[in-house]
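Given the coordinates of chain A, assemble chain B onto it according to the supplied hints.
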Amino acid sequence: MKTLTVMLKDLRLISRDRFGLVALLAVPIVVIMVIAAATQSGAGSKSILFPIVNDDQGPVATALIRAFNEHLDVREVSRATAHHLVAEANDAPAALILPRELSKRYLAQKPTTVELLTDPAQWQELEAIKVVMLLADRETASLGDPFSQELLRLHERNITGDHVSFSSLDQNIPGFSLMFVLLTLIFSVSLALREEEVSGTSRRLAIAPLPPASLLGGKLLARLIVGTAQLLLLLLFGHFVYGLRLGHSPVAIIVVAAAVVTSMTCFAAVVAAFVRTREQAIPVGLAVAFVLAALGGLFWPLYDLPHAMQSVARLLMTSWSMSAIQDVILRDRNIAGISKELIVLSGYSLAFFAIGLQLFRYGEKAKS
Amino acid sequence: MHRQQLLRKQDYEEDIRSFNAPSPVDNQGERARAVLRIEGLSKSYGAIAAVAGVSFDIREGEVFGLLGLNGAGKTTLISMLATEQRPSAGDAVLLGHSICNERRTVRQMIGVAPQEIALYPMLTTAENLRFMGRIYGIKASELEERVEQLLESIGLAERRDDYVGSLSGGMKRRVNLAAALVHQPKLILLDEPTAGVDPESRDEILKIVRRLRDDGNAIVYTTHYMEEAEHLSDRIGILNSGRLVAAGTLEALREELEFSEVIELTGFTAGIDLTPMRALGQLCRVDRDEKRLRLLVKRAADFLVPLQKIISRSGKSIQLKIMPFSLEDLFLHLARKEVNG
Numbered sequence: 000m001k002t003l004t005v006m007l008k009d010l011r012l013i014s015r016d017r018f019g020l021v022a023l024l025a026v027p028i029v030v031i032m033v034i035a036a037a038t039q040s041g042a043g044s045k046s047i048l049f050p051i052v053n054d055d056q057g058p059v060a061t062a063l064i065r066a067f068n069e070h071l072d073v074r075e076v077s078r079a080t081a082h083h084l085v086a087e088a089n090d091a092p093a094a095l096i097l098p099r100e101l102s103k104r105y106l107a108q109k110p111t112t113v114e115l116l117t118d119p120a121q122w123q124e125l126e127a128i129k130v131v132m133l134l135a136d137r138e139t140a141s142l143g144d145p146f147s148q149e150l151l152r153l154h155e156r157n158i159t160g161d162h163v164s165f166s167s168l169d170q171n172i173p174g175f176s177l178m179f180v181l182l183t184l185i186f187s188v189s190l191a192l193r194e195e196e197v198s199g200t201s202r203r204l205a206i207a208p209l210p211p212a213s214l215l216g217g218k219l220l221a222r223l224i225v226g227t228a229q230l231l232l233l234l235l236f237g238h239f240v241y242g243l244r245l246g247h248s249p250v251a252i253i254v255v256a257a258a259v260v261t262s263m264t265c266f267a268a269v270v271a272a273f274v275r276t277r278e279q280a281i282p283v284g285l286a287v288a289f290v291l292a293a294l295g296g297l298f299w300p301l302y303d304l305p306h307a308m309q310s311v312a313r314l315l316m317t318s319w320s321m322s323a324i325q326d327v328i329l330r331d332r333n334i335a336g337i338s339k340e341l342i343v344l345s346g347y348s349l350a351f352f353a354i355g356l357q358l359f360r361y362g363e364k365a366k367s
Numbered sequence: 000m001h002r003q004q005l006l007r008k009q010d011y012e013e014d015i016r017s018f019n020a021p022s023p024v025d026n027q028g029e030r031a032r033a034v035l036r037i038e039g040l041s042k043s044y045g046a047i048a049a050v051a052g053v054s055f056d057i058r059e060g061e062v063f064g065l066l067g068l069n070g071a072g073k074t075t076l077i078s079m080l081a082t083e084q085r086p087s088a089g090d091a092v093l094l095g096h097s098i099c100n101e102r103r104t105v106r107q108m109i110g111v112a113p114q115e116i117a118l119y120p121m122l123t124t125a126e127n128l129r130f131m132g133r134i135y136g137i138k139a140s141e142l143e144e145r146v147e148q149l150l151e152s153i154g155l156a157e158r159r160d161d162y163v164g165s166l167s168g169g170m171k172r173r174v175n176l177a178a179a180l181v182h183q184p185k186l187i188l189l190d191e192p193t194a195g196v197d198p199e200s201r202d203e204i205l206k207i208v209r210r211l212r213d214d215g216n217a218i219v220y221t222t223h224y225m226e227e228a229e230h231l232s233d234r235i236g237i238l239n240s241g242r243l244v245a246a247g248t249l250e251a252l253r254e255e256l257e258f259s260e261v262i263e264l265t266g267f268t269a270g271i272d273l274t275p276m277r278a279l280g281q282l283c284r285v286d287r288d289e290k291r292l293r294l295l296v297k298r299a300a301d302f303l304v305p306l307q308k309i310i311s312r313s314g315k316s317i318q319l320k321i322m323p324f325s326l327e328d329l330f331l332h333l334a335r336k337e338v339n340g
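Chains A and B supply the protein sequences, listed in that same order.
Numbering that gives the first Met the number 0 puts the last residue of the first sequence at 367; the count rises by one with no breaks.
Numbering that gives the first Met the number 0 puts the last residue of the second sequence at 340; the count rises by one with no breaks.
Next up, chain A with everything else stripped away, as it sits in the complex (with noise of 0.2 Å):
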């Protein structure tokens, strides 16, 4: 009778907190239609972009390229233009060259070397273009099958850093990394601040003489050099016990996580706000971490969602974090490599703590 009682009193009180019962369902939906629509719903190869130069004109580029663009999105494009898709604008994994007089060659049977330009960092869709060669194979096969005799050689050149292959390591340890660190710092502002109000602090530091700023600033600051160390020790960690790749610029690879971490703990500021008691930091951390991960290519590489999530994605922090840290450990930038993702970071980290300060209540203020 006694455990009754305080089982309804339990009941009664888990009833009152509706965020709470709302994140219990809402939370695990939102992520399972994310990571759904992520691994089930994806563009797949299609939506992998492969410039090919056509220095031959001839037949058998022609229907080269046919075969191509049944499964890769074929864009045919000067010398100039495939480098910078490839190496600097990093929009595609790989280009082909088909060199001049090349139809002819092979229609005289011999043998043509083609050039493969990559970027190694993005080696799933690198390998997915390698296997869409394979069945190119197949397509061609009324020219006599070129690749397998071997009447046009694969030349494979790394135009983005020394390494001509990575593995998944190289994609899971620098993204779950990312993930987690995401994930504590949004669990350690949120109870922080809630902290402060649980212990009476935070209404003798709202009559402080000290802005708002500097009170928020302040604490965020302690969680940012917390999680740029986290960061970095993982980084280490898989750098040591995976032979994880760090980059050729030590200063680089440090400015870089403690540029990602700013805009991850000015963002947790946000999240914070929204947390109103310690029960709710729980449901409302692992979703938001969950979806921005699975969202900004921390699990798997952006071209596996849907077109539509892939805008969605570009326009995510966690997806300029990922970029950031590959540039440097993958394609061996310097900082001046990485000035587009560190203003866009740091554009990130501005707009999140001017938000988290509108939001930041503390005192009397937090209570009502």
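If you're looking for bench data, these hints aren't it; they were derived computationally from the structure.
Computed from a predicted model, the values in this text were never measured in an experiment.
Hints are not guaranteed to be accurate.
Just a sample of chain A residues kept apart from chain B, beta carbon distances all over 12 Å, derived [unchecked claim]:
1) Pro98
2) Ser198
3) Arg203
4) Ser248
5) Phe359
Okay, derived cross-link-like pairs now, DSS-like style, lysine-lysine, Cα gap no bigger than 30 Å in a straight line [unchecked claim]:
6) B:Lys185 - A:Lys218
7) B:Lys297 - B:Lys308
8) A:Lys218 - A:Lys339
9) A:Lys129 - A:Lys109
10) B:Lys138 - A:Lys218
11) A:Lys103 - A:Lys129
Where is the CB? At the ideal position from N, CA and C, for every residue including glycine.
Okay, now just chain B, sitting in the frame of chain A:
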């Protein structure tokens, strides 16, 4: 209804007459200067007025006891004075600085010990004080000395390196008070600083408050303990439903009333006939319950002879006690007066 309102207003005005009651004097016998001047301070939440047009001032070297039932508006008033909430109307001026327009300056000059313990349990006693000192911009060279001085004064110098979370409730209260004093504020707001502490810690806290007063600090002190307020406060303000219904020294407030002493009869008081006493024409008020009978009178001595006769005539065992009209009596009297209109 209109008449009732008029009567209430009249009562209020009578009670507030003591607003300009004598203030404490300094060592030279001169009136101390006002540190805080509160003028028509109000705070409303929608249609509900938590504080309604409160005015009074607080002087150097004075403890101003702010009393009121729960929900009377004490905490809201303190919260406005501490610049935590903005007043809906009115203002308070601290040494020439408005709490509405010069919040930053005022904050630097005010020390607040909130009702709840507002400390970091995982920081040591000294670390908590040092943190507050830095927030208030105390120079590093002065801070260490100030912290040591405070730890000595609250009797916790030996616990300086202990986590606050490991201290007893009374010790935490003392550190909570010290945290409000690190920056040597001009006005100290103490919101029920002895709530829920053991008698020893309460004694310590009261000693600290007296010392602060003797050092010339202006202190606003809220409490539910009437005896504490009576012994500690130089002047008293009583809040009821957001309004200041009385303010002044206890003596001045007593003088305002038509009675100043209480004759308390305990024992077999049921059925005692007080008609002969009423005939004296001086009896002011009679409060009666099952166990006792209280006569509120101007001068108890005037009633002793007729009372003796009444008691002898009743033939019952009745004990008689004469006491001054206490602050608690005053407080309950004013609260009841407000309720009854």
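These are the hints, each one checked on the structure:
Even its closest Cβ contact with chain B, about 69 Å, leaves A:Pro98 beyond 12 Å, as expected for a residue assigned away from the interface. In this structure A:Ser198 is not separated from chain B by more than 12 Å, as the shortest Cβ-Cβ distance comes to only about 6 Å. Not every Cβ of chain B is farther than 12 Å from the Cβ of A:Arg203; the closest lies at roughly 4 Å, contradicting the non-interface assignment. Here A:Ser248 stays apart from chain B, with its beta-carbon at least about 37 Å from theirs, past the 12 Å limit.
At roughly 15 Å from the closest C-beta of chain B, the C-beta of A:Phe359 stays outside 12 Å, upholding its exclusion from the interface. Using a Cα cut-off of 30 Å, the hinted pair B:Lys185 and A:Lys218 holds, with the two alpha carbons roughly 29 Å apart. For the suggested pair B:Lys297 and B:Lys308, the alpha carbons sit about 20 Å apart, so the restraint of at most 30 Å is met. Of the pairs offered as hints, the one joining A:Lys218 and A:Lys339 holds, with about 28 Å between alpha carbons and a cut-off of 30 Å not exceeded.
Using a Cα cut-off of 30 Å, the hinted pair A:Lys129 and A:Lys109 holds, with the two alpha carbons roughly 23 Å apart. Note on B:Lys138 and A:Lys218: the hinted pairing holds, with a Cα-Cα distance of about 22 Å set against a maximum of 30 Å. Restraint check for A:Lys103 and A:Lys129: satisfied, since their Cα atoms lie roughly 25 Å apart, inside the 30 Å limit.
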